[in-house]
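Visitor: Protein chains in written order, with my numbering: chain A, 1162 to 1551; chain B, 1162 to 1551.
You may find that some hints are simply not true.
Since the list gives no way to pick one copy over another, a pair counts as held whenever it fits inside one copy or between any two copies.
[Claimed, not checked] Simulated pairs of lysine-lysine, BS3-like, Cα-Cα distance not exceeding 27 Å: (1) Lys1466 - Lys1163; (2) Lys1163 - Lys1435; (3) Lys1466 - Lys1392; (4) Lys1164 - Lys1435; (5) Lys1432 - Lys1164; (6) Lys1389 - Lys1471; (7) Lys1421 - Lys1192.
Keep in mind the hints are simulated off the structure, nothing from the lab. This structure is a prediction, so every number in the text was calculated from the model and none was measured.
There are 2 protein chains.
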Amino acid sequence: MKKVAIIGVGSSRFGVRNDVNMAELVFEAFKPSVEDAGISPKDIEFLAFGSAGAGVWCEEFLPAVVAAEYCGLTGAGIVRCEAACASGSASFLAAYWAVASGQVDVAAAIGFEKMRQISTSAAMEWIGRAGYYLWEFHNFGATFPAYYALYARAYMDMYGATEEDLALVAVKNHKYGSMNPLAHLQRRITVEEVLASPVVAAPLKLLDCCPISDGAVSIIIASEDKLKELKVDTPVWVAGVGYASETASIGKRPEYLGFKSSVTAAQKAYKMAKITPEQLDLAEVHDCFTIAEIMAYEDLGFCKKGEGYKLLRDGQMEIGGKIPVNVDGGLKAKGHPIGATGCSMIYELTKQLREEASNEGRQVPMRNYLALAHNMGGTGHYCYVTVLRR
Amino acid sequence: MKKVAIIGVGSSRFGVRNDVNMAELVFEAFKPSVEDAGISPKDIEFLAFGSAGAGVWCEEFLPAVVAAEYCGLTGAGIVRCEAACASGSASFLAAYWAVASGQVDVAAAIGFEKMRQISTSAAMEWIGRAGYYLWEFHNFGATFPAYYALYARAYMDMYGATEEDLALVAVKNHKYGSMNPLAHLQRRITVEEVLASPVVAAPLKLLDCCPISDGAVSIIIASEDKLKELKVDTPVWVAGVGYASETASIGKRPEYLGFKSSVTAAQKAYKMAKITPEQLDLAEVHDCFTIAEIMAYEDLGFCKKGEGYKLLRDGQMEIGGKIPVNVDGGLKAKGHPIGATGCSMIYELTKQLREEASNEGRQVPMRNYLALAHNMGGTGHYCYVTVLRR
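Chain A with its partners taken away, still in its complex shape (with noise of 0.2 Å):
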């Protein structure tokens, strides 16, 4: 297997992007992606594009060729990637396969979604179907907020969790949103404000929700053989890739209190990165619901079963604690364009390891130089975990 780096990044704004067009919003990210690169696009031989919703909330059925016309990238090999909301990450593993089977040297995984430009009603329609649509969504009506808070009810009865838990994932994650310019949402929230938010689908509110985004974020790879060609000051090494599905039917699930796919997608991540959770630096974790990072707190082996909210109580996931988690705002606040979203993780990974945050004031200190993406699809459906090491 052949040792692949990241050696460019380039995200988008995330937010309301009425301003831009599809292929506009996708060059966005690209283009600071190859000059972090230091390439063109015609290096680029392959691409792997991350969109869940083509056709569906957004006009273009066939997005991956347009945006890759629009951004130079003509003649390059395209696949368009899809698992629900770890598009992203399944556009960076078919990138990422492409490049450590030997046969290409340099692709990129562009993960994007354009999601408001439809109403919201249609939107929470489609967001709906990323269950089970003919049993679970038609014939009972389970919204996707319906299914997080099955497990958020769970976990809180099983474990002693409270909303106010809950919310400590939004405070925090508002937190670091506000400082990251390209967050959606920019402003700080207290717990009072969650707690006083229109309930959802209870006890999830509308704080405990993150937000319906448009955005596109940009990922370079290389092998390592084109690194000697190429001038890249800090590779990131692609350390290791874990990868699962779960059943799609949740009433068949023996519990609601974690994610299988989570846990077994992390144990391959880890085993092929020869490293224990206890090594990382900060991790990225799926939070689109607040429920959802404290179940990844244990899934990702951050600590015992039951005990993630008394972690984030005492702070532990703030920069300065134990292991800082989703410190560019996460889903919560960054945004989630659901066919970005993995790559955004990558992206911010990719800056953190680089040392690249400070000037936003969110930079993590560095011990071992080594970082976790945690990307899951519908509810646990699909999980991709990424282990990067500088």
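Let chain A serve as the given structure and place chain B on it in line with the hints.
Guide: Just chain B, lined up with the frame of chain A:
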């Protein structure tokens, strides 16, 4: 790069399949493929699922995870791949690279599409978007047959081919479709019938166009190391893969006589396989419209530019001729469930290379045991070429 072999294949019957739901249709292809490979679904570590129209012409927005669960693949890594009508080949390439990288030992590529649940007019609208939506479809109303009609007219004007020549493609492919129990259209047709069929986009008539079909195909691949553990009688090796893209905007192309993406993808695949087109025993090419098959002969190097239709007149593309093409009926008669087509080509070539098509009277005699699949997305927007060797 690890050597990769096809160890099992399975295909559903193609056609209007309102008798089964999405997961059942996939299972119809998957079950024989694992039996053919002599493995259990649990042996499959990664699934690349090719499908273009999730949520558009099939109600499941996340078809991959639902189909995977029905097939007993829950737990495996899963991604859905989309490259328009080349989605099946895109999934095969993703699965190939997973194994070629050395990370995965056994992977599946499943191609699927269920296009006949929605109205024909809705299906037509979606297929019309398989160009550059905002410009050519939305502003000029160009439908998908209209794009190919431009190519047909230009080709006929330049090289002297006639409408009868186009019809010969349909006649040949329907002949082989009539011999293939899995084909959507299992009846022979005559040149006169093609010429008398209703005009869709002049000079293309109804019988110049492939049907809109439902279908699924499953391909199981394994690494050379894994093959030693398994009892595989006749592995079929992936000798070469090629991939390329073209401008999304038809209006920007310099001429309408062939597809640059086909030429580039084929050259890459030949180079990797270290062969010339003369060595091929047979090919499956992307005949969504009759003109597309003739241009493919030339783009793939089976003959010089402008001579494809002459070979066809001579009967050289039939069994016993210079290079038999689409002896399963092709997209034209076997049908074109767009996410399934690329995998369907690989299914047919595997059966042919294993010399298992004689009971249907369609076995191609083998000289070099080399075969090629050519799968396009859009109007040459994407192209994937795969060379297989027994």
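Visitor: Look at each hint and say if it fits the structure.
Guide: We went through each hint and held it up to the structure:
1. Proximity of Lys1466 and Lys1163 under a CA criterion of 27 Å is satisfied in neither setting, with 36 Å inside one chain copy and 39 Å between copies.
2. In the homo-oligomer, the alpha carbons of Lys1163 and Lys1435 lie at most 27 Å apart both inside one protomer (16 Å) and across protomers (22 Å), since each shortest distance falls under that limit.
3. For a Cα distance limit of 27 Å, the shortest separation of Lys1466 from Lys1392 qualifies neither inside one copy, at 45 Å, nor across copies, at 43 Å.
4. In the homo-oligomer, the alpha carbons of Lys1164 and Lys1435 lie at most 27 Å apart both inside one protomer (15 Å) and across protomers (26 Å), since each shortest distance falls under that limit.
5. Taking the shortest alpha-carbon separations for Lys1432 and Lys1164, both the intra-copy value of 16 Å and the inter-copy value of 24 Å come in at or below 27 Å.
6. In the homo-oligomer, the alpha carbons of Lys1389 and Lys1471 never lie at most 27 Å apart, since the shortest distance is 46 Å inside one protomer and 50 Å across protomers.
7. In this assembly of identical chains, Lys1421 and Lys1192 lie within 27 Å of each other by CA distance solely across copies; the values are 26 Å between and 37 Å within a copy.
When held up to the earlier numbered hints, the structure conflicts with 1, 3 and 6 and fits the remainder.
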